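Peer 1: Listed below are the residues making up each chain.
Number of protein chains: 2
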Amino acid sequence: MSTTHRPYNFSAGPAVLPEEVLREAAAEMLDWHGSGMGVMEMSHRGKEFIAIHEAAERDLRELLAVPAHFHILFMQGGGLGENAIVPLNLSRGGAVDVVVTGAWSKKSAGEARKYADVAIAASNEADGHTSRPAPSSWQLRRGASYVHLCSNETIHGVEYGELPDLAALGSDAPLVVDCSSHILSRGIDWSRVGLAFAGAQKNIGPAGLTLVFVREDLLDRALPICPSAFEYKTVAAHGSMFNTPPTYGIYIAGLVFQWLKRQGGVAEMSRRADAKAQLLYGALDGSGGFYANKVAPEGRSRMNVPFFLRDESLNDAFLAGAREAGLLQLKGHKSVGGMRASIYNAMPIEGVQALVGYLNEFARRHG
Amino acid sequence: MSTTHRPYNFSAGPAVLPEEVLREAAAEMLDWHGSGMGVMEMSHRGKEFIAIHEAAERDLRELLAVPAHFHILFMQGGGLGENAIVPLNLSRGGAVDVVVTGAWSKKSAGEARKYADVAIAASNEADGHTSRPAPSSWQLRRGASYVHLCSNETIHGVEYGELPDLAALGSDAPLVVDCSSHILSRGIDWSRVGLAFAGAQKNIGPAGLTLVFVREDLLDRALPICPSAFEYKTVAAHGSMFNTPPTYGIYIAGLVFQWLKRQGGVAEMSRRADAKAQLLYGALDGSGGFYANKVAPEGRSRMNVPFFLRDESLNDAFLAGAREAGLLQLKGHKSVGGMRASIYNAMPIEGVQALVGYLNEFARRHG
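Here the protein sequences line up with chains Y and L, keeping their order.
Its first residue numbered 1, the first sequence is counted upward by one per residue in UniProt numbering.
Its first residue numbered 1, the second sequence is counted upward by one per residue in UniProt numbering.
Since the hints were derived computationally from the structure, they do not count as laboratory data.
Predicted, not measured: the structure shown is a model, and the values here were computed from it.
Glycine included, C-beta positions come from ideal geometry on N, C-alpha and C.
Keep in mind that a hint or two might mislead.
[Claimed, not checked] To spell it out: a stretch of chain L is covered by chain Y in this simulated footprint if at least three of its residues, at any positions, have a beta carbon under 8 Å from a beta carbon of chain Y; those stretches are:
1) 31-43
2) 81-90
3) 126-133
4) 205-214
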């Protein structure tokens with residue numbers, strides 16, 4: 001076995017994939033399992049692709065223990081697409097309560113206003129999206145069509161580990177969860193969820209694939225103006241094959257699901273996420289203020305870690321040195337500035353160790 | 001150079017890709033051009049992917065001689081998605097005239113009814129979608145928001161080689177062309193087009209990528225209910241990066257565009273399409289009725305060739321023998337039955353020669 005490794009890629013998405021998955025995909029590119037075709041060349045209606053599709057769905061259902069009364073849909077359009085597709089399917093033109101904890105949920109609220117009466121149930125905008133509003137403080141309206149929560153804010157690095165129990169908060173609305181950037185890094189309590197969605201390009205792999213988990217009883221609510229290709233009921237009735245699905249993305253996601261199972265599944269990913277996050281936040285907090293993550297400790301994301309140098313004039317030197325050290329895509333989102341390290345499932349602990357080593361060394365040299 | 005070849009894959013889509021493209025993609029899977037990342041792992045905002053994206057758009061613009069006043073958009077949702085996205089963007093809730101020449105344009109008409117006052121300008125449904133209604137016979141309404149034409153019907157195999165001149169027919173509406181299944185097999189007269197779209201999974205490659213060419217002056221017409229991620233104006237303003245684009249699909253499409261340029265471009269593809277189509281239709285017509293393509297000769301598609309055995313009890317034997325001979329995915333669409341050979345750009349003439357050899361041999365054995 002080679003001791004060399006690829007550079008460590010901290011992109012927030014599209015993001016690093018397990019090297020094993022990439023090797024499998026490369027090896028099968030011209031001929032999948034003796035079929036004489038690459039996966040990209042297969043009819044989605046043929047037995048070869050149907051086998052790939054069914055295995056991916058089955059493995060995902062197993063990994064997240066998705067109950068039988070939830071449909072798993074493989075769709076297109078990404079998180080921004082879902083910001084419209086969800087209210088088109090679920091709002092009935094009525095009331096929608098949105099919890100704003102960062103850029104993504106703010107966008108979700110804005111887009112839903114095209115179709116529904118949106119109210120902000122809670123917001124951390126006043127503190128620059130660094131706090132995590134406690135569910136007990138949310139203003140929830142009775143009779144709302146749904147409550148929208150982004151359970152991990154990719155840009156601002158605010159995460160809800162446990163999902164709220166809306167019923168216990170006095171709400172009768174289904175919870176809609178945008179879990180794009182931490183899906184499969186922890187379990188999901190499906191008894192608290194009506195619908196969950198995730199763009200695949202963060203913690204799974206290929207951009208252009210969107211996963212939707214929707215409870216059976218919520219399929220009948222679409223507005224008549226909902227495009228057929230994005231109507232959950234239609235997509236579910238056709239087993240995600242109403243229109244040609246993003247076949248290669250489903251294949252890659254399926255390889256990732258198999259890799260996750262070999263690694264020990266979601267419980268093991270959650271243990272690793274704890275270890276990686278503790279290591280990285282520990283280094284930032286222990287830097288004597290040279291670096292800072294501004295998120296309130298209880299709300300810190302285990303996946304996306306934005307941080308700032310005290311002396312921002314060193315930013316370019318920091319990024320250039322990181323690149324030299326084989327640490328890629330650490331620049332923060334343009335709306336926030338600073339740095340961001342995304343440490344998804346496919347990032348090994350060795351990558352975080354290398355990053356921490358570099359953080360310490362850079363601080364010593366410039367502190 | 002090896003003299004072996006992969007089986008010939010006649011799938012209607014997702015469909016065969018040039019072997020050179022697959023080999024490049026496999027070789028670059030773990031490390032694109034020394035970047036230390038595979039293409040699937042790159043941020044869409046990074047300089048590496050931006051270079052890939054810009055090259056793909058530039059090459060496509062060159063290949064199809066797309067004028068500067070057309071935007072090229074890389075979107076998601078496929079042809080069925082566009083059936084809603086087009087009227088959401090262009091109909092203004094007004095009149096839309098649709099030319100029905102097969103299953104795809106019929107679906108387009110049905111979906112547009114959600115948003116617009118749809119009339120059928122012409123239809124070949126009465127003859128089982130085998131004729132090609134002459135533009136001079138179309139019933140076009142003055143003041144229509146647009147006229148929809150599917151210029152190549154993948155399922156029924158009816159093709160318009162030349163696009164109609166709507167102005168000469170007395171219409172002031174822009175022409176919308178669904179050219180999914182013959183894009184890049186012939187030139188497009190942009191002076192006759194308002195908007196063209198194509199799902200990439202037929203004559204380009206990866207499913208989950210949709211190409212949209214839209215004339216600058218048509219960007220301002222979207223209905224307020226149009227989802228932002230599918231609003232052409234928004235997508236154009238963000239250079240197809242309003243939401244994360246299907247990055248790997250764009251990369252593969254870009255490799256296909258480079259391959260097309262190396263082959264001699266669209267003019268050469270058109271010459272090859274003529275040669276391949278003549279060979280295949282010649283064999284069917286010369287079979288003494290053993291095989292039959294039912295489309296009126298002037299409307300026969302150069303890309304999708306549906307055909308029937310006179311004795312349909314031989315269908316299973318035909319398909320089994322074809323598979324044995326390395327000729328894959330020849331079964332016709334379930335709504336039509338029989339057989340279908342799709343002979344896109346990536347299908348070499350040798351594949352059609354092999355198919356014709358098999359057609360002749362099978363007819364000799366069973367005739």
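Peer 1: Does each hint hold? Answer for all of them.
Peer 2: Each hint tested on the structure:
1. 31-43: holds (count 8)
2. 81-90: Holds: 5 residues of the region 81-90 of chain L have a Cβ under 8 Å from chain Y.
3. 126-133: violated (count 0)
4. 205-214: holds (count 5)
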